[in-house]
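Listed here are the chains, written in short residue letters.
2 protein chains.
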Amino acid sequence: MKNNVIITIGREFGSGGKAIGKIVSEKLGIDFYDKEIISLAAKDSGMAPEVIENNDEKPMSSFFFSLALDARNTIGRIDSPISQQAFLAQFNVIKKIAAEGKSCVFVGRCADYALASFENVVSVFINADMEDKIALVSELRSLTKDKAIDLINKTNKTRANYYNYYSSKKWGAASSYDLCINSSRTGYEGAAELIIRLAEIKQRILDEK
Amino acid sequence: MKNNVIITIGREFGSGGKAIGKIVSEKLGIDFYDKEIISLAAKDSGMAPEVIENNDEKPMSSFFFSLALDARNTIGRIDSPISQQAFLAQFNVIKKIAAEGKSCVFVGRCADYALASFENVVSVFINADMEDKIALVSELRSLTKDKAIDLINKTNKTRANYYNYYSSKKWGAASSYDLCINSSRTGYEGAAELIIRLAEIKQRILDEK
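Protein sequences appear in the order of chains A and B. With this note's numbering, the residue at position 18 of the first sequence is 18, and numbering never jumps. With this note's numbering, the residue at position 8 of the second sequence is 8, and numbering never jumps.
Hints in this document: simulated from the structure, not taken from any laboratory. Incorrect hints may appear among the rest.
[As the list claims (entries may be wrong)] Below, in silico cross-link-like pairs of lysine to any residue (SDA-like), each with a Cα-Cα straight-line distance of 25 Å or less:
#, chain 1, residue 1, chain 2, residue 2
1, B, Lys-169, A, Thr-155
2, B, Lys-170, A, Ala-173
3, B, Lys-22, A, Glu-131
4, B, Lys-170, A, Ala-160
5, A, Lys-209, B, Ile-23
6, A, Lys-169, B, Ile-134
7, B, Lys-209, A, Glu-131
8, A, Lys-170, B, Asn-156
9, B, Lys-95, B, Glu-36
10, B, Lys-27, A, Ile-205
[Unchecked claim] Ranges of calculated distance between the beta carbons of each label pair, as one might list FRET restraints:
#, chain 1, residue 1, chain 2, residue 2, range
11, A, Lys-147, B, Lys-170, 22 to 28 Å
12, B, Ser-117, A, Gly-46, 55 to 61 Å
13, B, Gly-29, A, Asp-207, 26 to 32 Å
14, A, Pro-49, B, Gly-101, 56 to 62 Å
15, B, Ser-167, A, Lys-35, 34 to 40 Å
For glycine and all other residues, C-beta sits at the position ideal for the given N, C-alpha and C.
The following block holds chain A by itself, in its conformation from the complex (with noise of 0.2 Å):
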């Protein structure tokens, strides 16, 4: 096959995104991008990386946010400096890293949307049934079933804030990726499978151009 692929993975927290990822990776043999993404932003930008950690995955402080989407349907775009400034880092690394021109596999951070133009990408998103996600979440991070339901919520209201706010998308939505796969019915083994499946129907494709 000439062609290499780059696999972005969206993930509701608790569905096993990530480990679904690094199955991927290593099956493949490729890299792979997590949290990695941070200190590559950090030095590439001149950012201190905690600051990008702090803003990882977030559109901005909750209360800004709401403040911005109200200047957003009046006065029009606005955002926070520091928080665009940690996106557009991990947004400029990330594309920095696919024109190298490896098979890689990325995790969140709207990767999909800053490789909207690379043709050798395949979009995925994993869900997962919520007493699955409860009893991923509970276990890593010894939290209270209740607990785990609201860090849960949390974080999936913020990661679908941030997606929605940077991409012109709708975060777990099935008509934002190429393929959306609940590992609760596939298990992690089988959701890699599918994607290892999928990237090989896109490297067939783009053989065929």
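With the hints as your guide, set chain B onto chain A.
Structure of chain B alone, referenced to chain A:
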């Protein structure tokens, strides 16, 4: 493999969902049900096929639908008897066929909802880019671009209303299905491959139980 798998396909009008379902059924050598459900439901319920066809995947007339939505908000769920009978006749036939225990493909008609209690079901949703939906619908129905756009939007709105009204889920949301595929990115053959792989994963999961 000792388990049969039933595949339900929800789809945007113009996405090629029916053609993809047909490819899947031919490759797997299993039965295919789309419009076939109408005559089977008629035979089974004693209703006239035309009555079921007229109410096929339509919640009720849009006038009555908005009335009913208003009514639901204030006094609870109200259904137009005939459209509900047509829904139930199809709902029952889908469950009856599934209970026969053979692998098969169902297209549309809330089959995923009808079969929610069946363990051996995988649910798929097919969407496509607007330009591809327009190309398909203009050709199939010999329509101008504008008329095709109009028909696509109206049909998909009706399908969404039907699905959202009868099921407890949201049409076209990733969280409502096991797998969502954009057929513009995979082609019909690619979408069929992914669905077949999903069915194999389901069979493996059932085998391991």
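Taking each numbered hint in turn, which are not upheld by the structure, reported in ascending numerical order? 3
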